[in-house]
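Number of protein chains: 2
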Amino acid sequence: MPPPSTLSLPEQLSLLSLFLCSIAVVGNTFHGDGEPLIASLAFSGMAFSATYAMIRWLGPTFMKAGLRGKDLSKVHKKEIPETMGAVCAVVYLLVAIVFIPFPFYKDIVAATSGGGNRDVVVEVVNIETGRFLHRFPHNKLASYLSALLSLQSVVILGIGDDLFDIRWRHKFFIPAFASIPILIVYFVDFGVTHVVVPTPLRPYLGELLNLGWGYYLYMAAIAIFAPNSINILAGINGIEVSQSLVIAGLLAGNDILYLLPPSPPLHPATDSHLLSLYLLLPFIGVSLALWTQNKYPAKVFVGDTYCYFAGTVFAACAILGHFSKTLLLLLLPQIANFIYSAPQLFRLIACPRHRLPRFNARSGLLEPSVTPWTREPNRLQSLLISVLEKVGCLGVNRDEDGKVRETTNMTILNLWLVWRGPLREDRLLNEIVCMQVIVGLGGLFVRHKAALLIFTVDNL
Amino acid sequence: MPPPSTLSLPEQLSLLSLFLCSIAVVGNTFHGDGEPLIASLAFSGMAFSATYAMIRWLGPTFMKAGLRGKDLSKVHKKEIPETMGAVCAVVYLLVAIVFIPFPFYKDIVAATSGGGNRDVVVEVVNIETGRFLHRFPHNKLASYLSALLSLQSVVILGIGDDLFDIRWRHKFFIPAFASIPILIVYFVDFGVTHVVVPTPLRPYLGELLNLGWGYYLYMAAIAIFAPNSINILAGINGIEVSQSLVIAGLLAGNDILYLLPPSPPLHPATDSHLLSLYLLLPFIGVSLALWTQNKYPAKVFVGDTYCYFAGTVFAACAILGHFSKTLLLLLLPQIANFIYSAPQLFRLIACPRHRLPRFNARSGLLEPSVTPWTREPNRLQSLLISVLEKVGCLGVNRDEDGKVRETTNMTILNLWLVWRGPLREDRLLNEIVCMQVIVGLGGLFVRHKAALLIFTVDNL
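Line by line, the protein sequences are chains A and B. Quick note, in the numbering used here, the first sequence goes up one by one and the last residue is 461. Quick note, in the numbering used here, the second sequence goes up one by one and the last residue is 461.
Hints were generated in silico from the structure; no laboratory data involved. In this text the structure is predicted, and so the values were computed from the model without any measurement. Accuracy of the hints is not assured; some may be wrong.
[To be verified] Some chain B residues flagged as far from chain A (calculated, every beta-carbon gap over 10 Å):
no. : residue
1   : 70
2   : 169
3   : 190
[To be verified] Covered stretches of chain A, as calculated for chain B (at least 3 residues, CB under 8 Å):
no. : region
4   : 86-100
5   : 142-155
6   : 177-184
[Claimed, not checked] No more than 25 Å apart at the CA atoms, straight line, and that leaves these computed lysine to aspartate or glutamate pairs for DMTMM-like:
no. : chain 1 : residue 1 : chain 2 : residue 2
7   : B       : 65        : A       : 166
8   : A       : 71        : B       : 166
9   : B       : 65        : A       : 36
10  : B       : 65        : A       : 72
11  : A       : 65        : B       : 407
12  : A       : 300       : A       : 36
13  : A       : 65        : B       : 166
14  : B       : 71        : A       : 166
Where is the CB? At the ideal position from N, CA and C, for every residue including glycine.
Required output: the full structure, derived from the provided sequences and hints.
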């Protein structure tokens, strides 16, 4: 049975009312001087309803165009639509573009002759109303547009990846290409490559250190790592969207900390965090809609497009908001997964095409998937296996002589199953997501408390 | 035999040397104060070689992913790769993004604390060197980025169109969606909606007329019309790329008129035309590369993606350069084709799925394709047919009783064949392109000479 491509009446009614309410709220922001944060929330509501409906409607079209995949962890391995992240991304981009006039005010009114010359330039006096969440000056617009360009680039390349099934080695660089717009505009428009040196190092390095090109390499590394790290923590229903929602939620929570009244209203970081929030809210909207269709049992798959897209949203927030270290704290589970996966990713240990947990059709539970050892591990491999086995971080199956027959694949999903025993797919997801929330909250706590130890002030 | 996916040795050598020369030229622009126009030319050279090579290399990948089509106007109807315009567009976008630092200078250097605050802001004194082709001020950056956003949007939607085979009614709006970024940023950033009134109308309307929202509707109409008009003048090898190259060449020629020494060096339209040239040169580069593969006999097809992409490049130039009326003059053959097609497009007369000229396998020539009349035409249809027949603008095939049996399909390609008799595919293309060049040159002549009659000054 293909997934239902129509919306039930209750679904139609609730989506339509959410959509209409959101439009009403946006319309209402025109009456005052336009409250961009309220408008952003309302746009996110619209994005949710549009994405929800479009994912349903477009399902059969995607299947017909060959964008479909089998769900391997189910008894009935039916085909469902793939690459639905592209729908999210397109809705997100449209909303993010239509949102532009809300936070960015116009500060010049002029008249043009037919040839487009500004013949008459009338300066409009900008009345700074002293509102707490004031609008952005003009120079933030280029940053915002560059973030959108990077997102569109990653969507184009991500769709290419989903269509052409690009090799892993090449995939890795997709986010690198996509980060070019944001880095180039940063270079032209902002160009700040000095960083404040932590107090203990100041005697040696001075108060400010110019990283120069190193700063761009660092930002590029963030932009490459975030999407790829989300892409490799995959394989069970809902994991890509759930982990992205947790990170987005925590980042948005962190942004809100800077906007709450106790913070000094003219704090220079306020603008950066407001910009980050404008990028995150519609992302949460479209991702929630995708989550309803991708959660266990999945009705659609998200595709690599979604993972790249989500990671690039986070990288854009971190680069434009200048909180890359905070992002890295929230990506700790993904970093752990990457480090743990490294022996397989870099072919120190054999790596099968798919490393997702193995579905046991009899019990209906997921078990760790394994890599068979057809020949004796070499000395380095043996060392790695026995160390990991000793600290309980690898399931090893040996024959009577103690020879290694199989080892579990090195992803934190398989590791979790090694620790906790076979679990149902949704249970595994929930436990991983809980772990991620706890780690993330801990990371934010450390970030705001420990910052005082190594910098003179926490910039909260 | 599938098209060769490898490059011959002479091809490799010439592409490589062009690429390396271009890199050398770009590197050389760093020595002086960076001459953006030279850099743009060199980037276009790189774009040409990259596109040429990638179209060849990616051919089999596109075929495998289902992006392939049959060439109907050949004796051997073999399948060749489709949607190669997407490769052009991706190379173009990458080049256009990497080019950003050349024309846009950085005017502020600052230092940030870890939290991204501009702690230390150092104003760098801008030395206006008085060069003729000076760099752009910061506020043009947003316009340029918005053009790239629109182009990326049209590429994403165009790929969707080529993948999902969207209905004609829906296709029509793809460029409308894609024009949103450029219009919104125009609204936020420039917002000029006054136009200079032609002299004869000044007693009634005043010197400047504020079109308000009407101006945005007008620009949206340009952005919708240009891509669609290129998309419907299609059906023979090379026509999409050739017509786009002619328009791009004439637009670039017109831009150069504004940059040549006789023009006053500080003319306010210079900047607009320079920006337009930066958008056009790499477009000409990628299109020439596509043309070598798409010209008769075609080795690849361009796909709707290319048509939308080309039209959006022109619309972006016209909107940002404020010469929409000039663009319309250069689109005269497309406008004629659209008006002539209108009875079929709007279903006044039956419209088959494909209206391309019919290939006569015996003669090897193209003949006008026809729509059969299974029932009597109604009065309006009869009137239209007899009027068009009388002025020689429709081929009509009648039975002995004078009843209409077939009429030729209403495209200028078929009309040209009605006038000129059966032609070989490449001959038809060459004649149409010659006609287009002559009409375009005439249009430009009229534009610069006749402007003086209705405006007080030609803004050249």
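Right, here's what the structure says about each hint:
no. : hint            : result
1   : 70              : 15 Å, holds
2   : 169             : 16 Å, holds
3   : 190             : 7 Å, violated
4   : 86-100          : holds (count 5)
5   : 142-155         : holds (count 8)
6   : 177-184         : holds (count 3)
7   : B:65 with A:166 : 10 Å, holds
8   : A:71 with B:166 : 24 Å, holds
9   : B:65 with A:36  : 50 Å, violated
10  : B:65 with A:72  : 23 Å, holds
11  : A:65 with B:407 : 36 Å, violated
12  : A:300 with A:36 : 37 Å, violated
13  : A:65 with B:166 : 10 Å, holds
14  : B:71 with A:166 : 24 Å, holds
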